[in-house]
Amino acid sequence: MNGNPNVNGGAAGSLMPNSMAMNSGNASSNSNANNRNHFGMSMVPQPTLMASNSILTVGPYKHRKDLTRESVLSKYQIIGYIAAGTYGKVYKAKSKKPQEKEGDEVNGSEASNTALYNRNEMNQTAGDGTNHVNGNNVNSFNASNNHPGNNSSTANYNPISSLHLNQHHVSHHLNPHYGHNKSQSQNPSQNQPQNINQQQSSFQTPAQPSTQLQAHLQVQTQAHGQAQGQQSSNTANQLQQGQLQAQGRSITTDANSQAQDQTMRLNQHHQVPGSSSITDSNSQTKQDGDKSTGEPGEQLFAIKKFKNDNHSSNKSYNHDINGNEIIHYTGISQSAIREMSICRELNNKNITKTMDILLENKSIYIVSEFCEHDLLQIIHYHSHPEVRQIPERTTKSLIWQILNGVLFLHKNWIFHRDLKPANIMVTSNGVVKIGDLGLARKFNNPLQSLYTGDKVVVTIWYRAPELLLGTRNYTPSIDLWAVGCILAELLSLRPIFKGEEAKMDINNKKSVPFQTNQFQKIVEILGTPTPEQWPSLNKYPEYVSFKQQLPNNYNPNLATWYKTVGGQNKSCLLLLKGLLEYDPIERLTAENALVHPYFLEQPKVCENAFEGLSYKYPKRRIYTDDNDIISGMQGGKRHGFDESKNRKRQR
Amino acid sequence: MSADFWNSTQRTKWQLTRYSLFENRRKLLLLERKMIHNGIIKDAPGIVYDANMRIYLHNLLVKLGRRLNIRQIALATAEVYLTRFLTKVSLKEINLYLLVTTCLYVACKIEECPQHIRVITSEARNLWPEYIPQDITKVAEFEFYLIEEMDSYLVIHHPYKSLLQLRDFFTSVNPQYMGGGFLLTSEELQNSWSIINDSYITDAHLLFPPHVIAITAVYITVVLNQQNKHGNDGVGVGSTGGSNSAGSQQTSISNEKADIQLDDLLSLTYSLPNENGDNGSNTGNNIGNNSNNGDRVPKSGEINSGANGANGGMDHLVRIDQFREFLARSHINLDEVVEVLQDMVNLYAIWNRYNESQVKRALSFQLLNR
Numbered sequence: 001m002n003g004n005p006n007v008n009g010g011a012a013g014s015l016m017p018n019s020m021a022m023n024s025g026n027a028s029s030n031s032n033a034n035n036r037n038h039f040g041m042s043m044v045p046q047p048t049l050m051a052s053n054s055i056l057t058v059g060p061y062k063h064r065k066d067l068t069r070e071s072v073l074s075k076y077q078i079i080g081y082i083a084a085g086t087y088g089k090v091y092k093a094k095s096k097k098p099q100e101k102e103g104d105e106v107n108g109s110e111a112s113n114t115a116l117y118n119r120n121e122m123n124q125t126a127g128d129g130t131n132h133v134n135g136n137n138v139n140s141f142n143a144s145n146n147h148p149g150n151n152s153s154t155a156n157y158n159p160i161s162s163l164h165l166n167q168h169h170v171s172h173h174l175n176p177h178y179g180h181n182k183s184q185s186q187n188p189s190q191n192q193p194q195n196i197n198q199q200q201s202s203f204q205t206p207a208q209p210s211t212q213l214q215a216h217l218q219v220q221t222q223a224h225g226q227a228q229g230q231q232s233s234n235t236a237n238q239l240q241q242g243q244l245q246a247q248g249r250s251i252t253t254d255a256n257s258q259a260q261d262q263t264m265r266l267n268q269h270h271q272v273p274g275s276s277s278i279t280d281s282n283s284q285t286k287q288d289g290d291k292s293t294g295e296p297g298e299q300l301f302a303i304k305k306f307k308n309d310n311h312s313s314n315k316s317y318n319h320d321i322n323g324n325e326i327i328h329y330t331g332i333s334q335s336a337i338r339e340m341s342i343c344r345e346l347n348n349k350n351i352t353k354t355m356d357i358l359l360e361n362k363s364i365y366i367v368s369e370f371c372e373h374d375l376l377q378i379i380h381y382h383s384h385p386e387v388r389q390i391p392e393r394t395t396k397s398l399i400w401q402i403l404n405g406v407l408f409l410h411k412n413w414i415f416h417r418d419l420k421p422a423n424i425m426v427t428s429n430g431v432v433k434i435g436d437l438g439l440a441r442k443f444n445n446p447l448q449s450l451y452t453g454d455k456v457v458v459t460i461w462y463r464a465p466e467l468l469l470g471t472r473n474y475t476p477s478i479d480l481w482a483v484g485c486i487l488a489e490l491l492s493l494r495p496i497f498k499g500e501e502a503k504m505d506i507n508n509k510k511s512v513p514f515q516t517n518q519f520q521k522i523v524e525i526l527g528t529p530t531p532e533q534w535p536s537l538n539k540y541p542e543y544v545s546f547k548q549q550l551p552n553n554y555n556p557n558l559a560t561w562y563k564t565v566g567g568q569n570k571s572c573l574l575l576l577k578g579l580l581e582y583d584p585i586e587r588l589t590a591e592n593a594l595v596h597p598y599f600l601e602q603p604k605v606c607e608n609a610f611e612g613l614s615y616k617y618p619k620r621r622i623y624t625d626d627n628d629i630i631s632g633m634q635g636g637k638r639h640g641f642d643e644s645k646n647r648k649r650q651r
Numbered sequence: 001m002s003a004d005f006w007n008s009t010q011r012t013k014w015q016l017t018r019y020s021l022f023e024n025r026r027k028l029l030l031l032e033r034k035m036i037h038n039g040i041i042k043d044a045p046g047i048v049y050d051a052n053m054r055i056y057l058h059n060l061l062v063k064l065g066r067r068l069n070i071r072q073i074a075l076a077t078a079e080v081y082l083t084r085f086l087t088k089v090s091l092k093e094i095n096l097y098l099l100v101t102t103c104l105y106v107a108c109k110i111e112e113c114p115q116h117i118r119v120i121t122s123e124a125r126n127l128w129p130e131y132i133p134q135d136i137t138k139v140a141e142f143e144f145y146l147i148e149e150m151d152s153y154l155v156i157h158h159p160y161k162s163l164l165q166l167r168d169f170f171t172s173v174n175p176q177y178m179g180g181g182f183l184l185t186s187e188e189l190q191n192s193w194s195i196i197n198d199s200y201i202t203d204a205h206l207l208f209p210p211h212v213i214a215i216t217a218v219y220i221t222v223v224l225n226q227q228n229k230h231g232n233d234g235v236g237v238g239s240t241g242g243s244n245s246a247g248s249q250q251t252s253i254s255n256e257k258a259d260i261q262l263d264d265l266l267s268l269t270y271s272l273p274n275e276n277g278d279n280g281s282n283t284g285n286n287i288g289n290n291s292n293n294g295d296r297v298p299k300s301g302e303i304n305s306g307a308n309g310a311n312g313g314m315d316h317l318v319r320i321d322q323f324r325e326f327l328a329r330s331h332i333n334l335d336e337v338v339e340v341l342q343d344m345v346n347l348y349a350i351w352n353r354y355n356e357s358q359v360k361r362a363l364s365f366q367l368l369n370r
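Which chain is which? The protein sequence lines are A and B, in order.
Each residue of the first sequence is one higher than the last, beginning at 1 in the UniProt record's numbering.
Each residue of the second sequence is one higher than the last, beginning at 1 in the UniProt record's numbering.
Next up, chain A with everything else stripped away, as it sits in the complex (with noise of 0.2 Å):
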């Protein structure tokens, strides 16, 4: 038997909590199967022997940890979808607990384990073979909803609840659940402040009248250099904050004395973790001013479930039907995997920012704020039915906003790889939020070239010539290249270098194809690249190819594209001229483009990218078709979730 794990293994994983139940009488016909497999072969049915075979498996740990986590559908309520794409799928859901039992997290692991056991024995009593591990965390958790601690938050349509939860954010990612929690409280972690002023800005926002926002905001942001520097010492840091200081350059402003204001009261925030009163009432007056706009205050937040498309999810419940299992699982792929640590890691204003990740039956979900737009939402509201030009201080705005994440992206030595505008979120509140980091790598120290990791970066129309190109290694200069192609789609409202992509053979995946048509909408624009202009240019390994291909020569032609479009700003045209530079070497770095002097010109560029617009871009369009956030994960044991999705879908 011992020759032979696999026998044994290949069902126990998921199986645990029959095949450890030894003693419960609960058995699901599955693990009858199971079971006589089992003894069959060992002949000594012996729970110790069982346990050790299990553990090979690691069983007795998983089981442990199913039984004890909660689900996503414990978490949140599932609204509706508002992307699928070859990744999975992106839900928005607002919380259902307003907060979560604190009381718990503070007693660590040991009160969650106790009432693992008891949860466990219950069960047991119950005998309730089908009784489903998330079923079972959804019942225990509405049960400690109604602590009487948590009466006073659990409407969720009250503004001050939507702060306790924001709160309770915060308190969540300090806290991972864990003992040393303890440690945590004794030095206040650095990212608090920041934490706070993110969320005191998306709270203010709807309340202050435009002008006011934008000194407001700036406050902010003094505010959050400043705690930032406090405790910079560290290159990277003084960087960020000599970034905030190129803002402030921008965004005229004297609000100092208030920014250091808002620094002491993070400070207080910071000396007092534990005293929840004081923070209560530092945010209540925040929220009293929200009141006013009506504006609900509850938070929503956007569920990016990754496709687990090439497993077996479903192998433990229905192994017993196929017999053998066929379908290979490679692990969590590449690129979740990316998006899962870079999107933990990053903190800033203008990228994304993720709350919570979930891991579930073998399900990725990363939950992030809700972004009410898209870039590519705006601009097809601008161009239909017919074309109105985005005005230019929201170009502006927009632009920059994007800069500024990106820069704050490669300041971190990460590059995007994706910029194009699905991926560029707008809040409600007009403040840019890139997304979508499944592309987003890494590139301090790279152990292999980049080529390697990803043949093919970048959505074509966005992808940077000497990506055209074959270059093995590249700069962050790509996604600035990408930056150019968007803000030339703002002003135009349609892709600049709208090509077709040559795709891949199918029976030869190693070569990548050269991008003729592509590369010739780009010559067409910017004129064909000259080795004086791009001294490398003859370097790139599909030099040839490209001299080939596109012998004919065209001039630069931006000028005039320029013009065709409507636009007149010479120093916004000399900001496209600049991003849209050929040699990677010269082309605009984030940190040169965000003082470029079409940023210091009237207008001004603005926090809230929508300020002064006369109109209010349509809400995303939510599909209600599948709310089932869980679905196919679950095999034939979801009796539970059919229920609440029926309800759901009734509404």
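These are computed hints drawn from the structure, not numbers from a lab.
All C-beta atoms in this analysis are idealised placements derived from N, C-alpha and C, irrespective of residue type, glycine included.
Any given hint might turn out to be false.
Calculated pairs, DSBU-like style, for lysine-lysine (alpha carbon to alpha carbon, straight line, at most 30 Å) [said to hold, decoys possible]: (1) Lys161(B) <-> Lys42(B); (2) Lys442(A) <-> Lys63(B); (3) Lys307(A) <-> Lys353(A); (4) Lys362(A) <-> Lys42(B); (5) Lys362(A) <-> Lys63(B); (6) Lys353(A) <-> Lys161(B); (7) Lys362(A) <-> Lys34(B); (8) Lys27(B) <-> Lys362(A); (9) Lys539(A) <-> Lys510(A); (10) Lys161(B) <-> Lys442(A); (11) Lys570(A) <-> Lys604(A); (12) Lys442(A) <-> Lys539(A); (13) Lys619(A) <-> Lys498(A); (14) Lys307(A) <-> Lys442(A); (15) Lys89(A) <-> Lys619(A); (16) Lys521(A) <-> Lys455(A); (17) Lys455(A) <-> Lys161(B).
Residues from chain A that keep clear of chain B, each with C-beta distances beyond 12 Å, as calculated [to be verified]: (18) Gly59; (19) Glu298; (20) Gln299; (21) Lys362; (22) Glu372; (23) Gln377; (24) Gln389; (25) Pro495; (26) Ser511; (27) Pro513; (28) Lys539; (29) Leu558; (30) Asn569; (31) Leu574; (32) Gly612; (33) Pro618.
Let chain A serve as the given structure and place chain B on it in line with the hints.
Then chain B, alone, in the frame of chain A:
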């Protein structure tokens, strides 16, 4: 943030204190006992998360990493995952071999040198056939639990970078300032690098920022080893062993090297005469070794500015002084450095008594019941 340790989740979410770590482990023991009591797991004598076990785990990881030719950074990340995971999970409820495999698998992805799950599983199976299920879904499944247990905080900052930064700082800085003029030879760099490799066996990476660990490694290399070499007992060990190992392998961890370190430190801490045959009784060879080093300098293009010249003894004292000067002015938390140092010395002391077969047997009993 990913470029910045001070805002990283490693610091804000995963930096523990001795006390909280102790608490975690205590709770884990309670949990373990409860599980045993309830018959969910069986008691496995000899499965304790002590230094012996940790050295064993470290060796497992290194072994698997070497077979796959995995880069040091990924290996180090895997080690941190391992320690993090085991602050929350009891050894007795899991299969450590599978855990090691999974940690390495995830670490490779995070460090952008992904290995196919099939390759990694089959290599692990070659090493430990009776412990690794053939079914790759077991690793894939475990991956989720591993990531979940770490709360998806996966980016790790390592002392290697700090070490290189320190070296660059030493070379770049004005001699008049901050103990400049002190240079790290490539041999010393290699030595420090190896000490960092070993530091993953301790809790240091859960407790201290990477630069503290890096500076401790430099301290052990420069001050302790040299003191040892030129100390009163006159047993010259470090130099010979150091240059040998530095010459042989640049990036891998080798047990032999660890042994040498260990001997150095032991002879230092206990002032015991060194009996390691390899190094010989080269009391009189000290000067010879040093001039050897001096000869190597121009060849390998080291930045060693002749500090290891013929009159080595005095120069070393000067260098140590320079390094101390740097430490004193560096604003590095010396208490933390001392703590790491203590841990490392303890580790090397225990390593001397390391008993692999004992752990192996215990694990075999736990996992295979034989």
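These are the hints, each one checked on the structure:
Taking the CA atoms of lysine 161(B) and lysine 42(B), the gap is about 43 Å. The hint is violated against a cut of 30 Å. For the hint pairing lysine 442(A) with lysine 63(B), the CA-to-CA distance comes to about 27 Å; that is within 30 Å, so the pair holds. The hinted pair formed by lysine 307(A) and lysine 353(A) meets the criterion: a straight-line CA distance of about 21 Å does not exceed 30 Å. This hinted pair checks out: lysine 362(A) and lysine 42(B) have alpha carbons roughly 27 Å apart, not beyond 30 Å.
Proposed proximity of lysine 362(A) and lysine 63(B) is supported: the alpha carbons are some 29 Å apart, at most 30 Å. For a cut-off of 30 Å, the pair hint linking lysine 353(A) to lysine 161(B) stands: about 28 Å separates their Cα positions. Proximity of lysine 362(A) to lysine 34(B) is assessed by CA-CA distance (about 28 Å); at most 30 Å being required, the pair is judged to hold. Straight-line distance between C-alpha atoms of lysine 27(B) and lysine 362(A) comes to about 27 Å, which keeps the hinted pair within the 30 Å bound.
At roughly 21 Å between alpha-carbon atoms, lysine 539(A) and lysine 510(A) fall within 30 Å of each other, so this suggested pair holds. At roughly 15 Å between alpha-carbon atoms, lysine 161(B) and lysine 442(A) fall within 30 Å of each other, so this suggested pair holds. Between lysine 570(A) and lysine 604(A) the CA atoms are separated by roughly 16 Å; this keeps the pair inside 30 Å, and the hint holds. Distance check on the hinted pair: lysine 442(A) and lysine 539(A) sit about 25 Å apart at the alpha-carbon level, within 30 Å; holds.
Restraint check for lysine 619(A) and lysine 498(A): the C-alpha separation of about 27 Å stays at or below 30 Å, so the hint holds. With a CA separation close to 23 Å, the supplied pair lysine 307(A) and lysine 442(A) stays within the 30 Å bound. For a cut-off of 30 Å, the pair hint linking lysine 89(A) to lysine 619(A) stands: about 18 Å separates their Cα positions. A threshold of 30 Å between alpha carbons decides the hint, and for lysine 521(A) with lysine 455(A) the separation of about 22 Å falls inside it, so the pair holds.
Between lysine 455(A) and lysine 161(B) the alpha-carbon distance is near 28 Å, which keeps this suggested pair within the 30 Å criterion. Distance to chain B contradicts glycine 59(A) as a non-interface residue, since its nearest Cβ pair spans about 8 Å, not more than 12 Å. For glutamate 298(A), the condition that its CB be more than 12 Å from all CB atoms of chain B holds, with the nearest at approximately 25 Å. Its beta-carbon lying about 20 Å from the closest one in chain B, glutamine 299(A) satisfies the requirement of being farther than 12 Å from that chain.
Separation of lysine 362(A) from chain B is inadequate, the least Cβ-Cβ distance of about 6 Å not exceeding the 12 Å criterion. Every CB of chain B is more than 12 Å from the CB of glutamate 372(A) (nearest about 26 Å), matching its label as outside the interface. Once the 12 Å rule is applied to beta carbons, glutamine 377(A) is consistent with being away from chain B; the minimum gap is 29 Å. Non-interface call for glutamine 389(A) relative to chain B: holds, since the shortest CB-CB distance, roughly 37 Å, exceeds 12 Å.
Once the 12 Å rule is applied to beta carbons, proline 495(A) is consistent with being away from chain B; the minimum gap is 30 Å. Residue placement check: serine 511(A) keeps its beta carbon more than 12 Å from all beta carbons of chain B (closest about 21 Å). Against the 12 Å criterion, proline 513(A) stays outside the reach of chain B, whose nearest CB is about 24 Å from its own CB. No beta-carbon of chain B is positioned within 12 Å of the beta-carbon of lysine 539(A); the least distance is around 25 Å.
Consistency note on leucine 558(A): stated as away from chain B, and its beta-carbon is indeed over 12 Å from all of that chain's, at 34 Å minimum. Once the 12 Å rule is applied to beta carbons, asparagine 569(A) is consistent with being away from chain B; the minimum gap is 34 Å. For leucine 574(A), the non-interface assignment is confirmed: its Cβ lies about 30 Å from the closest Cβ of chain B, beyond the 12 Å cut-off. Consistency note on glycine 612(A): stated as away from chain B, and its beta-carbon is indeed over 12 Å from all of that chain's, at 34 Å minimum.
No Cβ of chain B approaches the Cβ of proline 618(A) within 12 Å, the least distance being about 34 Å, so the stated non-interface status holds.
Of the numbered hints listed earlier, those contradicted by the structure are 1, 18, 21.
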